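Novice: Each protein sequence line maps, in turn, to chains A and B. Under the working numbering, the first residue of the first sequence carries the number 17, and numbering increases by one thereafter. Under the working numbering, the first residue of the second sequence carries the number 1158, and numbering increases by one thereafter.
Hints are supplied without guarantee of correctness; some may be wrong.
Claimed, not checked - On the chain B side, residues computed to face chain A include the following (Cβ under 8 Å):
1) P1290
2) E1294
3) L1295
4) A1394
Said to hold, decoys possible - DEER-style ranges, computed between Cβ atoms:
5) Y279(A) with D1206(B): 43 to 53 Å
6) G1265(B) with H269(A): 30 to 40 Å
7) T1207(B) with A107(A): 35 to 45 Å
8) D41(A) with A1436(B): 36 to 46 Å
9) A103(A) with R1406(B): 55 to 65 Å
10) A1436(B) with G179(A): 24 to 34 Å
11) D1258(B) with G185(A): 18 to 28 Å
12) R378(A) with D1206(B): 51 to 61 Å
13) A107(A) with A1181(B): 53 to 63 Å
14) N1487(B) with T99(A): 53 to 63 Å
15) D200(A) with A1398(B): 23 to 33 Å
Stated by the list, open to error - Some, not all, of what chain A presents toward chain B, calculated at C-beta under 7 Å:
16) L166
17) E168
18) L169
19) Y172
20) Q198
Rather than coming from a laboratory, the hints here were simulated on the basis of the structure. Keep in mind that this is a model prediction, so the values were computed, not measured. Heads up, the beta-carbon is just placed ideally off N, CA and C, and yes, glycines get one too.
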Amino acid sequence: MKFGGTSMASAETIRRCATLVRAQDGHQVVAVVSAMSGMTDALLELADAAHHGNRVRMHALLGQVHELHEQAAADLNAQDAITPLLAQLDALVAGISAVGELTARSRDAVLSFGERMSSQLMAAALEGVALTGHEVGIVTDDHFGEANPLMELSRYQVAERLGPRMASGEHVVVTGFIAATQHDVVTTIGRGGSDYTATILGAAIGADEIWIWSDVDGLMSADPRIVEDAHLLDHISFNEAIEMGQFGAKSMHPRALEPAAEYGIPVRMRNTFNPECDGTLITGQAPAGGTVRAALRLKGSALLNVSGAAMVGLPGTAARIFTALAEVGANIQVISQSVSEAGISIVLPASQLDQARTALERQLVRPGIARHVDVQEDAHVVAIVGSGMAGVPGIAARLFTAIAAREINVIAIAQGSSELSICFVVHSDESAEAVRVLHAEFGLGGGTHE
Amino acid sequence: MRLAILGMGHVTRALLQMLAERHADLYRRFGLAPRVVAVADTGGAAVHDTGLSIPELLAVKQRGGSVSALPGVGLPGLSGKRVLTECSAEVLIEATPSRMDAPQEALGHLQTAFCHGMHVISVNKAPLAAALPALRELAAYNRVEFCFSGTVGAGTPVFSLAQASAAGDEVLGVEAILNGTTNYILHQMHEHGSAYADALAEAQRLGYAEADPSADVDGIDAATKLVIFANLILGRAATFADVEREGIREIDPGRLRAAEAAGRRLKLIASCGETLRVAPQEVAVDSPLNVSGSLNAVSLRLRYGGEVTLIGRGAGGPETATAVIRDLVNIWQRIGNSA
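Please work from the sequences and hints to get the whole structure.
Specialist: Shown next, in the form of structure tokens:
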């Protein structure tokens, strides 16, 4: 079971999580915990403040970290474990401040304190033992900040170390997000975070199920803030969950789903604050039924249109575009090109728009390969997701007929060959309506879905 | 090439002997001049950065002593792991006894070597059977070579045959006799009508079987080798726990007689098809797997090429030592090519 930051917000919520672990009579449970809510961001800022010699900010942040943990520790009677960790953090931050240097490696060391302390708090609530990801055997490469697990080695070591402890009935709490290199240097695993830790551990011990506790019931057929009759998806496949991973912060990162998908371990997303709800189950095969599972939108995107007659039939144009975008670190969300080859459309996060535009103008317009880079800000990506769509003719026709009937203008379209999703770009004013139309068209309303 | 050798059993002694005898030959043919810069046994270690004297090492073992007693170079009580972190070797030869019930110490040796950028040759099967996928991952991550051709078939180049076959064809499955002791026992029972206990006692007298024959007769040794084979040749991320295993302990003579009546022989067969399995099975009298005495046999089923079988001795100090030298030459050539 993995508990997210909001579930670890205070002594009270931590106790609630401990109750959820204890409630699983007859099952052995390993708890994986995130840092207390907001703590990872606070520690990042703390590291930066120390680095830049901003002493006022540094002391204010350290004070916050101390206060939050000391209070929770007092409530949970965990001072003995927390006090030395806080002292270590103080020393580390003082060191960074003194040398005025912050490497990725020392940033990871600072970040690790969030989970190291929250795991101690949870262990106190559970009367169990807190271990770091490193202590249970997760080994990563040395890409600090975004370390990749050595999966076979981690799986072997975790099985060796965690197996006996679980068999003895001990309550084990493991730090999410943090691990270590083969030389025992602390790393953080970046994208996927604590969810990823949970699925790695689940795969290693051959868990029956992996439960991801957060503050939402699970994955929905649409955003309930824009679609009134959106319903909770009770069972979807790994492929669908990975496809939905881009839409919304509360879904799991595809990277975190990978170990579970590879070893066929069901994942269940549940709500700490509504444990009566069964949440969303994710397995290799979801029950057949609806062709479309969900209608989703991705906000805050922008569309770039690179066009020019000179691009037609010129080999390597696409490569130049992608290289230019990669050089500025732009994350491409949707790509589409017409067969005329006179234009390529790219959707990317609005925050990266300016950099991307400049890069394309410099590398394509200036040498005369493309004539224009047109920009449309306020673009939203709308998508329908569902593995049932594969091989079913007419889905796209239904989609666009419904959209056209509302006179919503479609700017660009893309579908992957996996046929797991179809996505298209509309103006931001029209995305909510587009989602509502599709949600109704494919019968996703509560209880009545196909 | 600077070598660190952990474990001073009969394989290491045969290896040292061979390194001394073949020194000029290895240098002339491959430009390879191995120097032993560290060795460790249960009593401690001996370390010398420009090379230990092989005759001195062999002499101290001949007297039944520990290498740590050697004057000037001996370090009593130094653990294998410490030796690896403190010596300047480029290659570790892990030759401590295979202990299937406790692979941790040897695993630690391999891990330490990989972390310190050393190439590894293991003749110890235990850590491989427990965690071969993990070890190969770690070696690849650290960009070092990891060889263990002596663990299956000893000097008989089983992996080379299988890898060469797998390259141009597809290996569908494997049936093999991977344990000489049990083959000897079954052979005696079939051909000389011996009772199980007598055949086992004879195997022990000849030095084929240990005083505690469990590893052989319960199929543990064969299962261990099967796991290594399946990982390397068939690309299965399998470990020892994945093998279905049935040994020949106190085997019913009736089964042997029934097999004989049908013109067949009972053998302890390690097979890898859908599942990994070690169990007594019947083979035809004229099957290439019907090998006599303590021989091993590995029969590959290829998609296009049909059946290919390699027969040879599967154990012994000098035989295994030749496998170590084979691995050493391989490493030497591969790192030479990549440099």
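Novice: Compare the structure with the hints numbered earlier in the document and write down the numbers of the violated ones, lowest to highest.
Specialist: none
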